[in-house]
Structures are given as C-alpha cells and as structure tokens.
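Participant: Sequence:
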Amino acid sequence: MKLTACGRTDVGLLRSNNEDSFFADEQLGLFVVADGMGGHKAGEVASRMAIDTVTRQLEPLLRQQPKVEALQQKLAEVIEAANREVTTAAAENPARSGMGTTLTLLLLYAGQALLAHVGDSRLYRWRDQQLELLSKDQTLVAEQLRQGIINEAEAARSNLRGLLLQAVGASEQLDVFQQEQQLQENDSFLLCSDGLTGMLSDTEIHSVLARKSQPEAVCDELIKQTLQAGGKDNVTVLMVTMRGK
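Residue numbers for the sequence shown follow numbering that gives the first Met the number 0, so the first one is 0 and each next one is one higher.
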C-alpha cells in the first residue's frame, strides 16, 4: 500500500492567530491533528507541544517495528506524557495558565488503523463512498446527545457545543478514546479540527470527498468551503489516502 497525505491549516476569518497544529509522516504512517486553547498564543504552544511530545516518543519506537499489540498501550502512554508536559508548562508560566489542546492521532501500521483521541477534533474514514466518524467527541453536548438528554436539533443550537470534557493539559486524568480497525485497500482518512465540523455538516464533507479524489484537492476544497461558510475558527484538515502499489 502507498500512503499519500496532505494537510492544510488556516487561521479563519475571525481569529488573529492559529492555535491548530498538525503532523504527517507518510513513511511511518503517523498523522496527528491538535486544536489548542488558552490565553494569548497559549493554545498555539499547547497544540505544538503535545504533537512534538507524541511524535518524539513514537518515531524511534515505530522504526523498531514493534508488534501491534504493544502499540495501543504506547499510544495512550505518549498522550499521557504530552498531558504532563503541557500541564507542567502551564503551571510554570502564568501567561500560559489554563492552556490545553485536543489531540487526534491516526497510526496506519501492519494492516491496522489505530486511533487515539482526546477532545473534539475528529477522525473520519472514507470507504466505498461512505463517510464514517471513528472518533468520539468528548464534549458536554455530545455526551448529552449520547445519553438522550437532548436531540440532534438541540445539539446543533446549543451554545455549549465547544465545552470540552477532556483536553490534553486541562485534565489531570485522561480518558484516551482508542479504536483499532482493519485496513482495506483504497481506504482514506480525514483528520480535522472542529473549525471544519463547526462550519460544514457531515453531508457537506461527504459531498467534497465524493467529488475529489486527491488529498490536495480535498483539503483545498474543504478549507475553501469552510471560509465561505463563515470561517469562525481556525481550521485544519489532514487527508490520508491508501492505494495499491
């Protein structure tokens, strides 16, 4: 299988700085999106720090070609390490107090797609013209929706949509959501910050993926449509496609 990836990030139309970060390594099959939050530029620091910690610890391990069984636990461990680093950095600098970040990680390895996730950035799989959300939003509104306290329409109108239940650097104990999926030829994956999903519906995202096949074209079109819809937040999209040799 050959992996091709493309990432794009944009500050949006209303923000003065971009607190999103992303990482893509096609050779390792490692892809990460993080959406930071906090005071002046602190979210930017948190998202970059979290990704740097995760990739710094994972890269040497992946080059040793470990067994898949060992990786799921390791993914949670490196996110917990990022949590400690961001928390410590925030405590040491008052200007960064309260900073944190979402983190959504995809590892394509040994025929498996491994997901590790905290927050409300998302991972979708595109397979056989179907878009499937693999990650789980860790927000108050999403939890209320899962419990049947509110319905879809109420969730879409809620002014609490951005209230996170989990974030790297903002929670002492993390509940890292993990999932493992068997890969199929021609699978594609979309990682994104909520700057995308806050502006475009899954139906609109599906429409772009149905019309565009190349990662660059997908990313460009998703960013374009997000800005046309209002671009209220930073937006990051990272598209990964798999093709036979």
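No wet-lab data here; the hints were simulated from the structure. Predicted, not measured: the structure shown is a model, and the values here were computed from it. Among the hints, a few may not be true.
As the list claims (entries may be wrong) - Heads up, simulated DSS-like pairs for lysine-lysine below, C-alpha to C-alpha not over 27 angstroms straight-line:
no., residue 1, residue 2
1, Lys223, Lys211
2, Lys40, Lys211
3, Lys1, Lys73
4, Lys135, Lys231
Said to hold, decoys possible - Computed spacing ranges between beta-carbons, pair by pair:
no., residue 1, residue 2, range
5, Gln181, Gln72, 28 to 34 angstroms
6, Ala69, Gln181, 36 to 42 angstroms
7, Glu58, Glu142, 32 to 38 angstroms
8, Ala152, Asn92, 23 to 29 angstroms
9, Asp51, Ser200, 28 to 34 angstroms
10, Ser157, Thr202, 17 to 23 angstroms
11, Pro59, Ala90, 37 to 43 angstroms
12, Ser206, Gln180, 22 to 28 angstroms
13, Asp201, Gln143, 17 to 23 angstroms
14, Glu151, Leu13, 34 to 40 angstroms
15, Ala69, Asp127, 15 to 21 angstroms
16, Asp24, Ala90, 27 to 33 angstroms
17, Gln146, Lys223, 23 to 29 angstroms
18, Glu153, Ala209, 27 to 33 angstroms
For glycine and all other residues, C-beta sits at the position ideal for the given N, C-alpha and C.
Participant: Quick one: which hint numbers does this structure break? Sort them smallest to largest.
Facilitator: Checked against the structure, the hints that fail are numbers 2, 5, 6, 8, 11, 14, 15, 17, while the rest are satisfied.
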